[in-house]
Amino acid sequence: MATHTGGLTATAAVRTRNLYRSFTDDRPVLAGLDLTIERGEFVALLGRSGSGKSTLLRALAGLDQDATGTGDIEVPEQVSVVFQDSRLLPWQRVLRNVVLGLEGPGAKAKGKEALAEVGLEGRERAWPRELSGGEQQRVALARSLVREPELLLADEPFGALDALTRIRMHGLLRALYERHRPAVLLVTHDVDEAIVLADRVLVLDQGHVRTERRIDLDGPRDPSDPRFAAIRTELLSALGLDSPRTTETEKEES
Amino acid sequence: MTAVDTADQEVRPSPAPPPEHDEAASGRASRPRGRRRLGPGKAIPLGYLVGPLLLLGVWSWGSAQGWIDPRILSAPWTVVATAWDLWESGRLGPDLLVSARRFALGLTFGVLAGLALAIVSGLSRWGEAIVDGPVQIKRSIPNLALLPLLLLWFGIDERMKIITIALGVLIPIYIHTHNGLRSIDGRYAELSETLRLRPASFLGRVVLPGALPGFFLGMRFAVTSSWLSLVVVEQVNATSGIGYMMLLAGTYGQTDIIIVGLVLYALLGLTSDTVVRIVQRRALTWRRTLED
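Line by line, the protein sequences give chains A and B.
When we follow the UniProt record's numbering, the leftmost residue of the first sequence carries the number 1, and every step to the right adds one.
When we follow the UniProt record's numbering, the leftmost residue of the second sequence carries the number 1, and every step to the right adds one.
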């Protein structure tokens with residue numbers, strides 16, 4: 001089993017070496033994966049269903065007790081996870097959800113601040129049920145940021161939201177990232193989402209990083225930009241889709 | 001205009017009321033004419049009183065007309081007068097107090113025991129292995145069947161009565177709380193791991209609040225079961241309590257006193273169920289169910 005260590009080099013936030021993970025005896029889901037994420041770097045992870053995206057994220061989050069495997073994992077001390085569902089406790093009010101597990105007198109103030117940052121000022125005393133899906137996911141973002149993570153792991157965090165809300169959430173996540181500068185690993189099935197948000201996009205295939213693409217578009221990233229379209233085509237072909245079309249409609253869970 | 005009228009309109013399909021009338025009544029945009037709404041429609045205010053009042057009406061009417069022999073069933077006013085006499089003469093008060101005390105003590109001990117067992121069995125596999133079997137066995141034995149043994153063990157005094165009530169209460173509390181604990185979404189445990197919750201916070205913030213709906217459901221069954229056991233123990237072997245009063249009245253053919261006892265049981269049962277429901281609603285405000 002891999003070891004999680006807090007001690008990392010000056011530049012890397014995440015480092016895995018020769019990482020193997022499998023759930024049954026046959027073909028491993030991760031087959032000798034090497035991955036490095038720099039401090040403050042935003043990396044998006046694409047891949048088809050069963051390519052091992054979620055397995056990698058769960059391995060980094062330490063949530064893979066049911067898997068077997070070998071290899072080294074180095075992650076920072078403070079890791080936050082955002083899941084596809086907001087995973088708010090329905091019996092706790094919004095603020096209590098944000099500061100869940102935080103101790104000390106400053107916790108409440110920090111929680112309020114985090115809620116204000118995601119645009120939910122004044123909703124501290126609402127029940128999670130009273131919020132829309134997008135708002136719930138914003139609370140989940142606040143909950144992950146209030147811990148000041150050095151690494152933010154996001155497992156298809158916008159996968160369950162409608163297209164308009166998703167676009168708004170992209171802006172919010174990017175803004176929060178720029179303010180707090182954690183290293184981010186975003187698992188997604190949405191190629192456009194990956195290009196809009198990330199500094200670097202990885203395509204996972206059969207347990208390996210098959211393609212790596214640095215996104216060097218300057219300024220606001222516009223999906224109608226020809227350079228954007230070129231990257232999209234490249235990534236789609238790495239995913240095994242040769243005709244350039246959007247993956248918006250492919251709602252596959254990995 | 002009252003909501004009863006509204007409900008009436010919802011059901012009646014054809015002569016549609018003027019649109020503005022309809023809107024004012026239901027606060028909704030008017031619908032195409034003649035379309036029948038499916039579902040039972042709006043709730044009738046105090047609708048739960050209609051059936052009991054109807055029953056009371058038939059009873060009063062029958063007694064007044066002389067159709068109901070008072071030896072079989074006393075008239076409602078006789079029952080009220082008897083209740084007043086019993087209260088005035090100081091015969092009802094002590095019996096009521098004794099019954100209420102048995103109920104309260106049995107319920108308290110039963111709830112505490114059921115809760116403790118459910119937590120032990122819900123939080124650890126070993127606890128479940130040890131506790132769950134015996135409770136399930138007890139569950140399949142009716143409380144009445146245990147009575148001879150309990151009589152032998154604990155005699156005929158208050159102890160036996162309270163233990164019998166507690167044993168009946170323990171089962172629903174255990175079953176529903178245990179179920180509540182076990183059906184908490186595993187994803188919340190995963191979340192708690194990533195947030196590095198300490199075991200105490202995990203228990204206090206995630207597990208116990210999550211099991212609360214189950215506990216309250218068990219509580220409502222427990223209250224009913226508690227009254228049921230009370231009736232049984234008060235009629236088998238007692239020298240005080242409402243049940244004893246009724247038993248005594250039975251031997252003298254005093255149907256009015258028997259009815260007083262029945263009404264008291266009904267009122268006490270309803271009151272305690274209402275109390276549980278009010279507490280439940282307060283504690284579970286986060287859960288807006290169909291009930292509300």
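Do not rely on the hints blindly, as some may be mistaken.
If the Cβ cut is set under 7 Å, some of the chain B residues that face chain A in the computed set are [what the hints assert, rightly or not]:
| # | residue |
| --- | --- |
| 1 | 82 |
| 2 | 85 |
| 3 | 101 |
| 4 | 191 |
| 5 | 201 |
| 6 | 209 |
Because the hints were derived from the structure by calculation, they are not lab data.
For each residue, glycine too, the CB sits at the ideal point set by N, CA and C.
Does the CB of residue 191(B) sit less than 7 Å away from some CB of chain A?
-> Given a least distance of 5 Å, the restraint on residue 191(B) holds.
Go through the hint on residue 101(B) and say holds or violated, using the shortest Cβ distance to chain A against 7 Å.
-> violated (34 Å)
With a cut-off of 7 Å, does the beta carbon of residue 201(B) approach a beta carbon of chain A closely enough for the hint to hold?
-> holds (6 Å)
Supplied contact hint for residue 209(B), tested at 7 Å Cβ to chain A | Cβ of residue 209(B) sits 4 Å from chain A, so the hint holds.
Under 7 Å, Cβ to Cβ, is where residue 82(B) needs to be relative to chain A, so tell me if that hint holds or is violated.
-> violated (48 Å)
When the nearest CB of chain A is found for residue 85(B), is that gap smaller than 7 Å?
-> violated (50 Å)
The structure is inconsistent with the numbered hints 1, 2, 3, although it conforms to all the rest.
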